[in-house]
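Please build the complex by placing chain B on the supplied structure of chain A, with the hints as guidance.
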Amino acid sequence: MSIFNKKFRLRVVHHNAEIPGQIDKKTEQKPSLKEDLRKLGAKIVELRAKVDKWEDKKIGPVLKNVKENANKALESSAETARSVWSGLSGVAKDVNAVYDRVSNYEELDGVKEFAVNAIDGGKRMASGALETLKNKSSKMASDYGVRRSFDDINPLGKTSKIIGSVGNFAEIQTVYNRLKKIQMPVKPSWYRYFSEQAGQYRRLEEERGALLKQLGVRTMVGATAKVKLEIDKVRSLANSVKGGVENYAKSFSSSEEAEYAFNQTRLGQALTQLAHLEESHGLEEEKRTSKNEAGVGNVGVGEMLSSLGLYQPPADKQAQVTKPPINDNNQKTSSVNARKNTSQESGLSKRDSNDELPPEGLLASDIQYLSEGTEIIVSGIKNSDGNGFSLGYNETLKVRFDEGKKVLVQNDGTVISIEAISESMENNKIQKINVANGDSVRKQTHEFLNKKTIGDTFYIGIAKPNSTEVMENIECKIPDGKNQNKNQAILEISYKSKSGGDKTTLTYSEFSKLVMTGRIRLDTGNKQKNGNSVSR
Amino acid sequence: MAIQNINQNNNQPNVQTEANDQKIKSDSQTFDFIDILVQAIIGYPIRNILPEKRLEIVGDCVKLFSNYIIEFVEQKYGLKDAIRLKAGQSFSGQDVFGKFAELGSKFDEAYMSFVEELKKDLVVQQ
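For the record, the sequence lines run as chains A and B.
Number 536 marks the last residue of the first sequence (this note's numbering); no jumps.
Number 126 marks the last residue of the second sequence (this note's numbering); no jumps.
Pulled out of the complex, with its shape left as it was, chain A reads as follows:
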């Protein structure tokens, strides 16, 4: 029991006291104003005295302060007094019930305020989610060099840029082929330009692929729709939350606890949805690692390989699939040991159950370099991909040269384009592509290289893309240990032709992959001197 209540229980003894303004029943006379005021004064003094009697020193100043404040409030409440005049008696007679109702109402009011604040928070989150999408789409626009606003998202702008580059590439290729046809020496500067264009084309293709993968769609048109759809979803949710606020606030003024709980649940769901939406559909920051510039900056056969479209995996993919980590080994006296150590320390042995064997697995883009008739095995297809074909697990496809373009053919004769395979890989429908005899090729490559020692020279053939031609007599050399450790390159390839020659380096994995896809034909070593290479 509070000290206040205790005091009041003691002091409330005046219920039968004379009330000013009342008609005296004995005399039936109405009291005068002066008399009433006197009575009022006496009454107040009486009440006050009783209060004072039981008040302790601490309560006294508080009480006085309360009265002063109440007086000030009364002073400015004349208008309120008028408006409540008619209800004074009713409330006074029912004060306990009113007290309970008002208390509950005040309590609800507090809860309502809390709820409205929470919903405001939800609105802010929705708004934030929209803003995030807006900013990220702008960033995408900026990254891809196209003008694009929040309300005018157009990933197709990116496509047009890609198409433009492809156009340049094709044009240069045509010029290059013409020069070749009339046997006009191609200047190194032409190689560089050609290579740059090819590199740019590949980068754009990779960016496009990354964009589509990020959005979980196959085409740029799909990307546009997807982005718009996601934004619409957020908009819709934001509007839903916004619309819910008013209804929620309205319903709450008459609500019961269950309703409050319900609304809290609904609010919680909306907020959770928003959070999920933002997390799952907010376009992730572009993780742009360094792009593969190896094929662009190097002048020589590497450039030539690049210019011919030979596969140069991007830096990030090299790291994942083929490129071993940098290792500063001590020099090895034995070339074999050196190569073994390179392989082991590069992490190959950890990745591959076949110990030093090169890693397996191809990219869809590698298919175009496979020889006609090569069989590949695709794994991971679960059902129809929606590209007009369906595959089973580990299905074997055969490479065919069809109207100047490499395609894949199923057993039943269904023709599948490389682009379709590429899309399926992007969508993770296809998880792995291997050459049918990949294991034996890997072993063959491994054995071939294992026989070489530092300083050994041998000859390989390089297959041209989309062609049956092979550039032969490409001289390769196992570099010395110093270079090997520094560059992780186990092969130094020299290229000699009428226009001159140059050299580049390849890692063990890169070399193996080029052999696997048929771009490099291994020399048996028997015909090095007469310059003929032997295709595998």
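Because the hints were derived from the structure by calculation, they are not lab data.
Misleading hints may appear alongside valid ones.
As the list claims (entries may be wrong) - Here are some of the chain A residues that sit facing chain B, going by a computed Cβ distance under 10 Å:
# : residue
1 : Ala78
2 : Gly90
3 : Leu363
4 : Glu375
5 : Ile377
Stated by the list, open to error - SDA-like, lysine to any residue: derived pairs with alpha carbons at most 20 Å apart:
#  : chain 1 : residue 1 : chain 2 : residue 2
6  : A       : Lys477    : A       : Gln444
7  : A       : Lys64     : B       : Lys120
8  : A       : Lys72     : B       : Pro45
9  : B       : Lys25     : A       : Asn69
10 : B       : Lys99     : A       : Thr80
As the list claims (entries may be wrong) - Stretches of chain B that chain A covers, calculated by requiring three or more beta carbons in the stretch to come under 8 Å of a beta carbon on chain A:
#  : segment
11 : 41–53
12 : 78–86
13 : 107–113
Glycine included, each C-beta is placed from N, C-alpha and C at the ideal position.
Frame of chain A; chain B shown alone:
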């Protein structure tokens, strides 16, 4: 299931609920005024009065205030205005101040007189 029912109820217009809301708001305003009145007279808010004593104390304070106002008006302006004021309290919903425009200023005068009396009491107490 309970949540669904609540949801359905929310979608239906509820006239009774609105009337209740209005009553709660009206009662709340009156209660607030009485609370200030009680505090000004006895120095304690209603919430600090024991529930079993609340009716009695609040009733006394309201009577004190009402009688003073009515008596003041009767003494100064005559019985007619006093009866009008009483009628305003006796018949719920009767807007006597809207009906008798001049009554408002008379009420205000009586009201300020009452407040002044309370102030005097405060001065006396000091």
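Violated constraints from the hint list, given by number and in increasing order: Numbers 3, 4, 5, 9, 12, in rising order.
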